[in-house]
Structure formats: C-alpha cells, structure tokens
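Student: Sequence:
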Amino acid sequence: MLLNRLILAAAAAAFTALATPLAAAPLPEAKPDEVGFSQAGLARMDDFFTREIAAKRVPGAVVAIARDGKLVHYKAYGQLDPVKGTPMPLDAIFALASMTKPMAAVAGLTLMEQGRLPLQAKLADYYPAFADMKVGVTQEAGSLLLAPQIRPILIHDLYRHTSGLMYGGRPDSSSQVARLYPDGTAPAIEGDTQAFIERITKLPLAHQPGTQFEYGFSIDVLGAVVEKVAEQRLGEYLANNVWKPLGMVDATFAPTDAQRPRLARPFPNDPLTGKPQAIKLLDTPLKSDCGGACAFATIGDYVRFGQMLLNGGELDGARILSPKTVHHMTSNHLGPEIKNTVANVEPHRAGFGFGLSVAVRVSEGLSAVPGNPGEFSWNGAYGTQFFCDPKERLVVVVGTAAPGDLRKYYREQVQDIVYGAMVK
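All residue numbers for the sequence shown refer to the working numbering, where the first residue is 13 and numbers rise by one.
Hints listed in this document are in silico derivations from the structure and should not be mistaken for laboratory results. Glycine residues also receive a C-beta, built at the ideal position from the N, C-alpha and C atoms. Honestly, I wouldn't trust all of these hints.
As the list claims (entries may be wrong) - Calculated cross-link-like contacts (lysine to any residue; reagent style SDA-like; alpha-carbon spacing at most 20 Å): (1) 436 to 45; (2) 420 to 382; (3) 292 to 281.
Said to hold, decoys possible - Restraint-style ranges between C-beta atoms, simulated for each label pair: (4) 67 to 134: 50 to 60 Å; (5) 195 to 153: 22 to 32 Å; (6) 206 to 132: 39 to 49 Å; (7) 52 to 299: 42 to 52 Å; (8) 340 to 81: 19 to 29 Å; (9) 59 to 146: 47 to 57 Å; (10) 340 to 134: 14 to 24 Å; (11) 421 to 99: 16 to 26 Å.
Construct the complete structure from the given sequences, taking the supplied hints into account.
Tutor: Laid out in structure tokens, this is it:
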C-alpha cells in the first residue's frame, strides 16, 4: 500500500514537472510537425547555440518560435550571468535596446486611432523648438552650413526615421553631424524628457525632413510626443495600454529589485575584440523612459507582442490596434522620393524598406536571409531580435546579451536555421 502511494506520488511529481513549463509558456504549444516544422531542423538551433556557448562567443540565449499562434520551440541556453555562472532561465529579462521602438510606436498608433496623434501633424505643434532646427550641409572644405528646413518635421517622419535626427557615433552614417549627437541612451540616463528635447533641438538635422532614412532619435522623440498627448510617462502609458492587456508581465523601463536577479548579462569582454564591454542600462537607473532604446522584457513577453501584431492587433481577447492600423504600420513607408539606407544599418536587410518603426521586406531575393515580402522586424543593439512573417504565420524572438558586432551574426544564423527547419 505504501509502495503504491509512493509510486503515485512520484508519478504526480513527474507530471507536475512536465506540466509546469507548459503552464508557463507565453503561447499555446504544438509539436513541430503539427505546424510544418521538422523536429530535426529545429534541433539545429540547439546545436548552434551549444557550439557558440562552448566556444565562449555568447553567454546564453532564449529562443521562441511560434507558428499559427503556437510555440514550436521555446528554450533557454547557456548562462544568464557568465561571471556568476547562473543558468539561463526561460524568464530571463533582457535589455531590449531598439526593440523598444516598435512598442513605443504601437503606443503612438493607439493615440492615432483615437484621433489624437495624426501622422501628418507637425512635430512643432507638440514641441515648438523643433521648428527652429537647421539642417547641417557639409561643404567641400568640411565645414557645416546650417540651412533652414524646406518643410517641417512631421509625426510620420518620426515613425519612419525620416526626420533628419540621428544617433551619435553610428558606423553606418558618414554624416559630419553625427559627432554632435549623443549615443542612444545617454539623454535618458542624464535627464528627463524635457531635458532631452532641449538638448536635441539645439543640434542640426542630418538631412532635410522627409528625404532620407537616417536611423536615430526619431522614436525617442515620438515617445516624448506620446507623453505630451497622454499626459503621463511613456512607461505608464505602455503598461496600461499595451503591456498589461497583453500579459507582458515583466515589460518595464525600470526593473524592480525582484526582477534584477533575472537580468541577462554579457561577457565582461567582447569575444571578437577582447575589449571591455557592458550593457550600461543593467546597472544605471534612467531619468526618462526613452522610447528608442530603454525597455526591458522577457522573450515570452515579446513573443506575445509579436503575435499580437501578426494577429492584426489582438491577442487572447485583448485588442490593442485595429487590423487596418497594423497593416499600415507594417507596410513600406519609404517612397521613391526618400533615400533608403535601411541596409546600411544591417547588411542582411537589402531588399527591405521601412514602415512605422519596423523594417519591412519589399522584394524577393536581395536579402542575405530567407523570408517573404511583408516580413517585418527589428533588433536591439544588445543582442535581441524579432521578426514576423505574415505569409508563414511565423513569429520569432531571440534574446542574447551580446552587445558587440557578434549580435549581427546571430541574427542572420537564427533566421537561416528557422526557415531551414520549415518543411511546409
């Protein structure tokens, strides 16, 4: 009798151990062959990260792959903290860097749907100082001529990075104006939103508004506009209108003391160069919620966000945007009159345009990675990535703490492996 009770107890414990990961999954789960994936093909993801971790090129990773709204791969690899040797948990929290941008854009689009933030509105209607910004034109002798704006910066320009604003020190920009700009997170560390606006409006624009895609502070400024219109901090607005409705339980601009032990950390030195590296936001509090680079979340949180977009703005009964708004967001907004330099940011983005805060594949071929026209995506400088392929009903989100150039290698390899594992 005692033996039977022990056997039953052991069986119950085993079932609980198996059931717990399923209960914790951010989306329903399916076997790979049920949604057109090869199990052997997906096992290549395990092999890939096993090799990379063994070679000490990346501390660890979390990978989520969903098709038809169901997870076919949801795994953690390696270490959360390579110094302490902490194993990587599925609910590791990653500094998202520029993967903050699509979330800030969704916040702005919710206001657009309310008739409170139209795309053709002038930015200066919300922050007048932008009207007085000049455009820096490099002369043959190397000096900068400051020219007036031919047309004002529009809210539309912020979403698609055609405002003329830029980031300082980006290797993909040859503009002399770049040396005048701070790096992406410096303003949020140093001051509040108003201080950021005052700092950025004293600088010249890199291009005339509406003429060239130039990656930079545009979405940070959009976040500041959201704060002005909503009359609350960006993080508060996102929590109430995006994160909480979607069940993104760890999404935040300010990790709590309870969350901090789950922050994913990089190697102290860049594996490629041997030089010291760090993700400053892991240990430096922010003074403002920068919509371009400063949010944190788990991969489970973000796969729910991606699935919401793929579903046309809704997930599990929570509607964030209308299908028509999501379609507009994920369409190419770089017309023939705009110089497209999206592939300068990442070399595998040849054949991509840009929508409202996301890169959008516009043609077959050209890109270094497989996919379909209509695929939309963006990545983070600290080693995160996401892409959605509406034709394949696919969402992929990856988290690593890899702030060096190696992160671009992982983006390409992961996409190759994912599409290579699809058999129908």
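Student: Check each numbered hint from earlier against the structure, then list the numbers of those it violates in ascending order.
Tutor: Checked against the structure, the only hint that fails is number 6, while the rest are satisfied.
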